[in-house]
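This is what each chain is made of:
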Amino acid sequence: MVSYSRVGGIILKNTKHWSATTLAIPLLAVSAFATAAEFDGVTLDAKLIGGQQYEALYARIADWEAETGAEVNVISKKNHFELDKEFKSDLAAGSLGWCVGSNHSSFASQYPSLYTDLTPYLTPEFIADYVDSNIAASKIGDSLVMLPRAQFDVSALYYQKSLYEDAEKQAAFEKEYGYELTPPDTWQQLTDQAIFFSDPPNFYGTQFAGKDEAIVGRFYELVVAEGGQLFNDDWSPAFNSEAGVRALDWFVNIYSQGAAPKGTTSYLWDELGQGFASGTIALNLDWPGWAGFFNDPESSKVAGNVGVVVQPQGSAGVRTGWSGHHGFSVTESCENKEAAASLVAFLTNEDSQKLESSAGPLPTRKAVWEHVVAQAEGDAYRTEVLQAFQAASEHAFPAPKTPYWIEATNIIYPELQAAILGDKSSAEALEVAAEAVDEMMREYGEY
Amino acid sequence: MTRLFRRLPPWLALLLPAIVILLVVVLVPLLLSLYSSFTPYRLTRPETLYKWIGEYNYVKVATDANFWWAFGRTVFLLTVALNLEMLLGLGLALLVNKVTWGQRGLRTIMMFPMMFSPILVGFQFKFIFNDNVGLVNNALQSLGITDQAIAWLVDGKLAMFAIIFAEVWMSTSVFAILILAGLFAIPRDPLEAAKVDGCTPWQSFRHISLPFLMPFIYIAMAIRSLDVARAYDIVQIMTNGGPARRTELLWTLIGRTGYVDAKMGLANAMGYISIFLAIFFTVYFFRKLNASRAALGYNA
Chain A
68 MVSYSRVGGI ILKNTKHWSA TTLAIPLLAV SAFATAAEFD GVTLDAKLIG
118 GQQYEALYAR IADWEAETGA EVNVISKKNH FELDKEFKSD LAAGSLGWCV
168 GSNHSSFASQ YPSLYTDLTP YLTPEFIADY VDSNIAASKI GDSLVMLPRA
218 QFDVSALYYQ KSLYEDAEKQ AAFEKEYGYE LTPPDTWQQL TDQAIFFSDP
268 PNFYGTQFAG KDEAIVGRFY ELVVAEGGQL FNDDWSPAFN SEAGVRALDW
318 FVNIYSQGAA PKGTTSYLWD ELGQGFASGT IALNLDWPGW AGFFNDPESS
368 KVAGNVGVVV QPQGSAGVRT GWSGHHGFSV TESCENKEAA ASLVAFLTNE
418 DSQKLESSAG PLPTRKAVWE HVVAQAEGDA YRTEVLQAFQ AASEHAFPAP
468 KTPYWIEATN IIYPELQAAI LGDKSSAEAL EVAAEAVDEM MREYGEY
Chain B
223 MTRLFRRLPP WLALLLPAIV ILLVVVLVPL LLSLYSSFTP YRLTRPETLY
273 KWIGEYNYVK VATDANFWWA FGRTVFLLTV ALNLEMLLGL GLALLVNKVT
323 WGQRGLRTIM MFPMMFSPIL VGFQFKFIFN DNVGLVNNAL QSLGITDQAI
373 AWLVDGKLAM FAIIFAEVWM STSVFAILIL AGLFAIPRDP LEAAKVDGCT
423 PWQSFRHISL PFLMPFIYIA MAIRSLDVAR AYDIVQIMTN GGPARRTELL
473 WTLIGRTGYV DAKMGLANAM GYISIFLAIF FTVYFFRKLN ASRAALGYNA
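Those protein sequence lines, which keep their order, are chains A and B.
Mapped onto my numbering, the consecutive letters of the first sequence carry residue numbers 68 to 514.
Mapped onto my numbering, the consecutive letters of the second sequence carry residue numbers 223 to 522.
Derived by calculation from the structure, the hints in this document are not laboratory data.
Model, not experiment: these values are computed from the prediction.
Listed next, with one range per pair, are the computed distances between beta-carbon atoms:
#1 B/Gln363 <-> A/Leu335: 20 to 26 Å
#2 B/Leu252 <-> A/Ala123: 45 to 51 Å
#3 B/Glu269 <-> A/Glu402: 19 to 25 Å
#4 A/Tyr125 <-> B/Glu269: 33 to 39 Å
#5 A/Gln119 <-> B/Phe498: 43 to 49 Å
#6 B/Leu256 <-> A/Leu335: 34 to 40 Å
#7 A/Thr186 <-> B/Gly294: 50 to 56 Å
#8 A/Ala129 <-> B/Leu256: 48 to 54 Å
#9 B/Leu238 <-> A/Ala129: 47 to 53 Å
#10 B/Gly313 <-> A/Leu335: 35 to 41 Å
Cβ coordinates follow ideal geometry from the N, Cα and C atoms, glycine included.
Start from the sequences and build out the full structure, keeping to the hints where you can.
In structure tokens:
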């Protein structure tokens, strides 16, 4: 028997077996379950991502508690990398007494048995209100293992506007490259302009994340933009292809031409954000979370001079779009899955997403996208940012959904670095990485 | 239960709590990790702990060129860092020993670097050697020595130099303090006799002070060799073993394999092979220590 109840403003699908009395009055099940005591006496232990920017949403947990009678006990608050280690330790030790966990689309596939499918606890209409690509990226197979919150990440291209308004530069660029100097729409244009603007060691055309999962993510989206794939359907490596070599050559070319800082192979997101804000970088493919920081005179030397456009396209006519989003999941071992699903739905519903996205992050519900765009009216920069990222999100695709994604990135990134630093050719580096990934996949019985 | 305790000889009954704690805290985890190194144990798949795969992990590690490069780099770091720390520590101790006023204050200041957490030291030197905003490059550029941004943490040799620099900065005082303690313990008579006999300061140092100091130096070497053989924090923060594995050491590799890749069985196999490095250096320095004590006429 499937019925519906409204808890915390969300219509939940209720799959428990109902008594004969309830069956006799099915209408009640649809509308009259707004009782404050729906989950009276239930306590949910939660492990959530920590950080100042997430606290506003967590303050809403008290509203859900008041509405449902349940209690939420946050037993861990850490960043995703630390939570990842904690989840792995919990799996190893079997300490799975908790119910709700923060999740991320890039990590989710590592814990195939940890989280339950949320579909039985939600109405199809409620799920349909999320952006389709976000829901697709929240699934492992057919199982909806998390609900996306308003923390969606896809990269668009930030640039320094003044560089494009300088008449001398415009003339010099057109003379050298034969086309007009406007913000790049292709990766080839980005390469030309990055080399043109560079004046090392004082000013660089661009930069890129140089290690760990970050560089492999960037390589992955470039391979796609060049018409290739990172993996075949059977998860055997496919990046040692012509498209792969072209993608890696982009990094090699930019680095060897001095169009990126020499230390970029040790940079991660913080260094990149600080670098663009320091005014020494012309073009910066980066996440939406930096938009406010870059345009704030307190934190950025390029404040008032920042433009944002949709990310460029590769030679295959496909735009880059490696994306990820935060979400909340419910453990398979949770004793009160319905209560936990209700909490997770509450934390990602329209009101919650409006609250989170008011501080800058991108939403994952269709109605909230419309809301934030309307809210930004009159603020030219915010409107430009939102339009660019809304366009960017249309080209978004998640990290490959294999439990071995992070492990594969640890095999691939030293080889990418070796090519960038000139230790190997792009083809050699990709061949070595592909052999090692192939061995790993075979070892795990993928094929 | 009480009857069982009564039957035990009193010495064993008294020692039993200590034995049980040692077994639980030391032996059981050691045996468990040794066992897991013969399994494909992955943290995310607990059931893999019960699958026996024999020496597969050991063969894999033994034939992995990346592992042996990391092993070699660790030995290199150990050799260079230990010798530099010993020489600088000896020099510092000899200088501080000459000071007659404010020596206590100097000794305290000398120990400051030891008080920092290695993670903080890593962050500090990561900033100092940053190619773009780092102190070293800014100083070199301001002084007109170079107009390039030197990539300290990217070039293989420079990155290793930067890591050794950070290690030496943090731990030279371990040698200095132990050697200073040795200097305080040297009897005055032989030094004065040598002076009367017309020995030069170098001869007194070489033939009297140094042999007395050698046991202290070897103790410091043994302690620091264990530390450096397990070097992790500073390297993890400064370079994370990269770029392109240029600064990969044993424990950055093992840490990544075990916790990021979740391959605990393989990481434990690497750990057990790596332990031989620590055991080798410890045995070596203890032998040297005993030999130097015997040379001084102490019972070895």
